[in-house]
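Engineer: Residue numbers (the numbering used here), protein chains in the order written: chain A, 1 to 169; chain B, 1001 to 1386; chain C, 2001 to 2321; chain D, 3001 to 3200.
Misleading hints may appear alongside valid ones.
[As the list claims (entries may be wrong)] The calculated lysine-lysine pairs, modelled on DSS-like cross-linking and capped at a C-alpha distance of 25 Å, are: (1) D:K3140 x B:K1069; (2) D:K3140 x B:K1313; (3) B:K1074 x D:K3140; (4) D:K3120 x D:K3135; (5) B:K1074 x B:K1313; (6) C:K2072 x C:K2062; (7) B:K1310 x B:K1074; (8) B:K1313 x B:K1069; (9) B:K1069 x D:K3135; (10) C:K2136 x C:K2066; (11) B:K1069 x B:K1307; (12) B:K1316 x D:K3135; (13) B:K1316 x D:K3120; (14) D:K3120 x B:K1074; (15) B:K1074 x D:K3040; (16) B:K1313 x D:K3120; (17) C:K2136 x B:K1363; (18) B:K1196 x B:K1206; (19) B:K1313 x D:K3135; (20) C:K2062 x C:K2034; (21) D:K3040 x B:K1069; (22) C:K2034 x C:K2136; (23) B:K1074 x B:K1316; (24) D:K3120 x B:K1069; (25) B:K1074 x B:K1307; (26) B:K1206 x B:K1192; (27) B:K1363 x D:K3120; (28) D:K3141 x B:K1069.
None of these hints come from the bench; they were simulated from the model. As the structure is a computational prediction, the values presented were derived from the model and not from experiment.
This is what each chain is made of:
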Amino acid sequence: MEHLAYVAFGIYTLIILTGGLMAVLCRSMVRALVGLILTLFGVAGCYLLMAAPFIALMQILIYVGAVSILILFAIMLTRAPAGAEEAPYIFPWRSLAALAVAFLPLAVIGGMIRSGQVAPLVPPEEVPLAELGQTLIEPYLLAFELISVILTVAMAGAVILGFERRIGK
Amino acid sequence: MLHYAHEQLQGDYYTRAFQAGAQEDTLIINMGPQHPSTHGVLRIILELHGEYILRAEPVLGYVHRMQEKMGEVKTYPQYLANMGRVDYLHALAWNWAYVRAVEQLLELEVPERAEYVRVITCELNRITSHLLWWGAYLLDLGAFTPIMYGFADRERAMDLLQIITGSRLTYCYYTFGGVTADLTPQFIDGTKDFCKYMRTRLPMYKDLVTDNMILRHRVDDIGIISVDMARRYGVTGPNLRGSGVEHDLRRNTPYSIYDRFDFEIPAYEECDALARYLVRMDEMEQSISIIEQAIQSLPEGPVMPPKMPKVIKPPKGEAYGEVEGARGVIGIHVISDGTATPYRIKLRAPSFSNLSLFAEVSKGILLADAVSILGSLDLVIPEIDR
Amino acid sequence: MNIPPELIHISIALAAIAAFIGLNGLVLVYLERKVAGFIQRRPGPYEVGPWGLLQPVADAVKLVGKQLVRPKVADPWLYWAAPLLSFTPIFLLFLVIPFGPTLTGMEFNYGLLLILAFTGLNVLALCLAGWSSANKYSLLGAARSVAQSIAYEIPLLLAVLAIAFQFGTLNLTEMVHQQGQWPWQWNIMFQPLAFVIYFLCAIAETNRAPFDLPEAESELTAGFHTEYSGMAFGLFFLAEYAYIIVVSCVAVVLFLGGWQGPGAPGFWWFLLKVYALILVIIWIRWTYPRVRFDQLLNINWKWLLPLALVNLLLTLIFVKI
Amino acid sequence: MKQSWVDQLNAAGVPKCTEVRKGVACFCLESQNLLDSVRKILELEYYLQDVSASDFQEGYLLTYHFAHFEEPGQAVFRVLISHEHPQVPSISSFYQGAIWHEQECTDFYGIEFTGHPDLKPLLLVPEENLCPLRKDARSKKSFLDIFPDCKLVEAPPPPESEENAGGQESPEEKASKKKGSGKSKVQKEDDETAQDSGQA
Chain A
1 MEHLAYVAFG IYTLIILTGG LMAVLCRSMV RALVGLILTL FGVAGCYLLM
51 AAPFIALMQI LIYVGAVSIL ILFAIMLTRA PAGAEEAPYI FPWRSLAALA
101 VAFLPLAVIG GMIRSGQVAP LVPPEEVPLA ELGQTLIEPY LLAFELISVI
151 LTVAMAGAVI LGFERRIGK
Chain B
1001 MLHYAHEQLQ GDYYTRAFQA GAQEDTLIIN MGPQHPSTHG VLRIILELHG
1051 EYILRAEPVL GYVHRMQEKM GEVKTYPQYL ANMGRVDYLH ALAWNWAYVR
1101 AVEQLLELEV PERAEYVRVI TCELNRITSH LLWWGAYLLD LGAFTPIMYG
1151 FADRERAMDL LQIITGSRLT YCYYTFGGVT ADLTPQFIDG TKDFCKYMRT
1201 RLPMYKDLVT DNMILRHRVD DIGIISVDMA RRYGVTGPNL RGSGVEHDLR
1251 RNTPYSIYDR FDFEIPAYEE CDALARYLVR MDEMEQSISI IEQAIQSLPE
1301 GPVMPPKMPK VIKPPKGEAY GEVEGARGVI GIHVISDGTA TPYRIKLRAP
1351 SFSNLSLFAE VSKGILLADA VSILGSLDLV IPEIDR
Chain C
2001 MNIPPELIHI SIALAAIAAF IGLNGLVLVY LERKVAGFIQ RRPGPYEVGP
2051 WGLLQPVADA VKLVGKQLVR PKVADPWLYW AAPLLSFTPI FLLFLVIPFG
2101 PTLTGMEFNY GLLLILAFTG LNVLALCLAG WSSANKYSLL GAARSVAQSI
2151 AYEIPLLLAV LAIAFQFGTL NLTEMVHQQG QWPWQWNIMF QPLAFVIYFL
2201 CAIAETNRAP FDLPEAESEL TAGFHTEYSG MAFGLFFLAE YAYIIVVSCV
2251 AVVLFLGGWQ GPGAPGFWWF LLKVYALILV IIWIRWTYPR VRFDQLLNIN
2301 WKWLLPLALV NLLLTLIFVK I
Chain D
3001 MKQSWVDQLN AAGVPKCTEV RKGVACFCLE SQNLLDSVRK ILELEYYLQD
3051 VSASDFQEGY LLTYHFAHFE EPGQAVFRVL ISHEHPQVPS ISSFYQGAIW
3101 HEQECTDFYG IEFTGHPDLK PLLLVPEENL CPLRKDARSK KSFLDIFPDC
3151 KLVEAPPPPE SEENAGGQES PEEKASKKKG SGKSKVQKED DETAQDSGQA
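Isolated chain A (complex conformation) (with noise of 0.2 Å):
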């Protein structure tokens, strides 16, 4: 079984990091989004190895599910310039550029864990969904609370802007 994590763990790897470069290097808009969509689901499956099915759901329904369909229909409804691609592409500098601002956390982690002490390799326990909820509205009521305060209140700035884009036309 142990194994099996690990070939699953390569595959989720593999699929987080192709999204990602998809998403980095894709010149087309929708190309880009799909690699953001492969990443989400990559990490899903981290979460699924993390015995955590509830957070890789959720990661789904919501992720993929909601946001970046919400995001689709934002691309969709915007007027691209004429042609499919919408950036031009730029390899030699500034993505080397990029390459190593994206190599520059993992250099930091890699530090420190080789200066520090690695946690022993513990299989991880599945916490019931009861637990976490508990969790959610006891210790962090705070927290949880700030986080739905904050979702209305860029809800609410989205509709106002909104409407304040329609009255302008």
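Start from chain A and add chains B, C and D according to the hints.
Structural biologist: The following block gives chains B, C and D in isolation, referenced to the frame of chain A:
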């Protein structure tokens, strides 16, 4: 939205002309020439903002056959066969309009029985036309079943017409002075049965379809055609009666023997697609009533005048044959120069005038409503293009 | 290295599900056409095979044999990915549905959640199909499908949430166990409102008439799949039927007692109920005209959503009491 | 037919009807006073049945058919325009339904309707200028031969002023209007181009 606006997709003459007037941030789409809800080869270029139509322009001529030129090179009887092809759904009305025009030129008296036969068959044909419209309109609205019911009922009427005319769709039955064949007892019995049958069907259609809530919401209050607009565009027929004007040539200038029958001219004041729908549904009932009365009082006698000229050579002059077709006033303007071929024939197609208002009526409505309005106008494309 | 038994179990289940989807596709095509024929007073298919039974097979062979055409300006990758994306999640969905007391592909505590999460992928597939076809009708169809499914997913989730609260679990097998053998012990007796909301939303989510706006053929020719031909279209087609089965299965599990039934509970009861629901969906399709887009959204935001919220609150109150 | 609306039209300034048969009143107009007459008939609430053209020796005869929703009877406007300068004001500002009818006449005869919003081909291919209904010289007939009734009001105009064959104005009036519709072709051409540019 045009993320794929490639050079090679620039479109033809009409698209380019239409694009020249387009605003920013809009989507131009072609509805047709091949489109499920244009019922034939009609093309409408639409400028959409989201799903709202900013501008619409019908493009005609895809089934244009130059009927009017044909009229100038064929003799009067030869051209008669063309009339059934102009409007294949109410072919007998076009037959009648042409025959009336030539009869006016020739000053021919039509025997009484022939007039009755014409009334019976023309009304039967009107019912078939309305039934087909009914089914096709609901198909436009996304209901798949009514067209099957409409077709099945229409089939019965067409079988009846086939007995006496010999054809099913593009009839060439009326002729100058009368009709080509007399009614048979089989037809008369069958027509009586059909009237009885339709009287049971129409209430069922009302229950099943007309009173359906979704349908009501789809057709209510869309495609408003005011009386003034109808006047400016020359809208006639059920479309006009849906605007509350009780204009019907069968009543206003009673031709043939329509003044002998007791029937109503259904009219609704709402001016919307629902009103036009209801007018047509009521008209079928009135047609049944006319057919029943005509069969009741069908006189004996010949169906052709006793002596007919061998060659049809009307004297110089002009005539305007008008008939109330299923779609409105059909008018055929014939100018004769005294020879065996007409000098000029002008066909006034009701659908042509009815469609011409589409550009005005479709401003600012939803795409789905445009389909609904287009259906409610009851267009026959060969009639528009002629 | 020895292969864990769960993996073997799941592999067998996946194979069985593949067969089930294919077979059901054929049966449903036949059923739909026969029922449509019955409703429209015509015989329906009767030429190919006895009673026209082989007609769906002939259709399938035709679809498989057809050339796959891609518009020149379409996005090559996404254009082919879309039908696959629409079809593949179906296997996962069937994996957690309890067809019988012991007949479940994979016992999973979050079965309901898994189904809800992966049904959402269909929208993504339709959206990509519509966008990548480089066809304006497809694009309009895709835009409609997004607006429609985002709108209808909310009351659907709320209705299902009420059920989850009532049962206190997300495990579908568990839910069936909590319902009784007789019809009055089924959940539909306690949650009729939720059932109605769920059913309406399910029809809208699967793009069936009268809510088939993304492919409204009288307005958008064929909506998002205007450009697809051959088996690419066939996959969308099959996926649509498979989603109908899935939503019917979930409805049966949540509201109609799953495999429970008077006499001999089992697989047969489940299939019977699922097919009864599918027949109702087919019946609705061939009876009603299509609603307009703004009306569709109005139904959702003005009726279904408030009703679903009320239902959720009432359920919470009852559960707490 | 009721005489009243014909009288009303006459009283409103539309020239006298030239022919009444079986409920049809025919008005022969000059192209200059077509628009006035059309405006008056719209005020009388007539609807447009059709606009058609036909080719005669004397020129193109434009026929406008009008009828009423409530009352029986048909009003026909006839305008004769010359072959050389087939121009006539468009009535589409009053009757929008005429837009297509006029486009159709342009398709078939090449008649130009001044003031028409969009005179592109309606039924025929846009790339070619076919004018299929124009008749050749041999098959052309005389307008007055076919419609002898039109003589009732006014003698036929001399051949060089074809555009107002149906006109019923007295020669003095015509002379006073000469600037608008000159009798010599050259002059007329100048006038019409001037009119054109004025309207454009």
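Engineer: For each hint, tell me whether it holds in the structure or not.
Structural biologist: Verification of the hints:
As the CA atoms of D:K3140 and B:K1069 are separated by approximately 14 Å, the hinted pair is consistent with the 25 Å bound. Restraint check for D:K3140 and B:K1313: the C-alpha separation of about 18 Å stays at or below 25 Å, so the hint holds. Distance hint between B:K1074 and D:K3140 is fulfilled; the C-alpha atoms sit about 16 Å from each other, no more than 25 Å. As the CA atoms of D:K3120 and D:K3135 are separated by approximately 22 Å, the hinted pair is consistent with the 25 Å bound.
For a cut-off of 25 Å, the pair hint linking B:K1074 to B:K1313 stands: about 12 Å separates their Cα positions. With a C-alpha separation of about 24 Å, the suggested pair C:K2072 and C:K2062 falls inside the 25 Å cut-off, and the hint holds. Taking the CA atoms of B:K1310 and B:K1074, the gap is about 16 Å. The hint holds against a cut of 25 Å. In summary, the hint linking B:K1313 to B:K1069 is supported, as the alpha carbons are separated by about 19 Å, within the 25 Å threshold.
Of the pairs offered as hints, the one joining B:K1069 and D:K3135 holds, with about 10 Å between alpha carbons and a cut-off of 25 Å not exceeded. For the given pair, C:K2136 sits about 24 Å from C:K2066 by alpha-carbon distance, which is consistent with the 25 Å threshold. Under the criterion of a C-alpha separation no larger than 25 Å, the hint pairing B:K1069 with B:K1307 is inconsistent with the structure, at around 31 Å. Restraint check: the Cα-Cα separation between B:K1316 and D:K3135 comes to about 18 Å, which is no more than 25 Å; the hinted pair holds.
Between B:K1316 and D:K3120 the CA atoms are separated by roughly 34 Å; this puts the pair beyond 25 Å, and the hint is violated. Taking the CA atoms of D:K3120 and B:K1074, the gap is near 29 Å; set against the 25 Å cutoff, the hint is violated. Restraint check for B:K1074 and D:K3040: not satisfied, since their Cα atoms lie roughly 39 Å apart, outside the 25 Å limit. Distance check on the hinted pair: B:K1313 and D:K3120 sit about 37 Å apart at the alpha-carbon level, beyond 25 Å; violated.
Restraint check: the Cα-Cα separation between C:K2136 and B:K1363 comes to about 20 Å, which is no more than 25 Å; the hinted pair holds. About 16 Å separates the Cα atoms of B:K1196 and B:K1206, which keeps this hinted pair within 25 Å; it holds. The suggested pairing of B:K1313 with D:K3135 holds, with an alpha-carbon distance near 20 Å, which does not exceed 25 Å. A hinted pair counts as satisfied when its Cα atoms are at most 25 Å apart, and C:K2062 with C:K2034 qualifies at roughly 19 Å.
About 33 Å separates the Cα atoms of D:K3040 and B:K1069, which puts this hinted pair outside 25 Å; it is violated. Straight-line distance between C-alpha atoms of C:K2034 and C:K2136 comes to about 34 Å, which puts the hinted pair past the 25 Å bound. Of the supplied pair hints, the one linking B:K1074 and B:K1316 holds, its CA atoms being roughly 17 Å apart against a limit of 25 Å. About 20 Å separates the Cα atoms of D:K3120 and B:K1069, which keeps this hinted pair within 25 Å; it holds.
For the suggested pair B:K1074 and B:K1307, the alpha carbons sit about 23 Å apart, so the restraint of at most 25 Å is met. A distance of roughly 22 Å separates the Cα atoms of B:K1206 and B:K1192; the hinted pair therefore holds under the 25 Å criterion. Proximity of B:K1363 to D:K3120 is assessed by CA-CA distance (about 21 Å); at most 25 Å being required, the pair is judged to hold. Among the hinted pairs, D:K3141 with B:K1069 is consistent with the structure: their alpha-carbon atoms are about 16 Å apart, no more than 25 Å.
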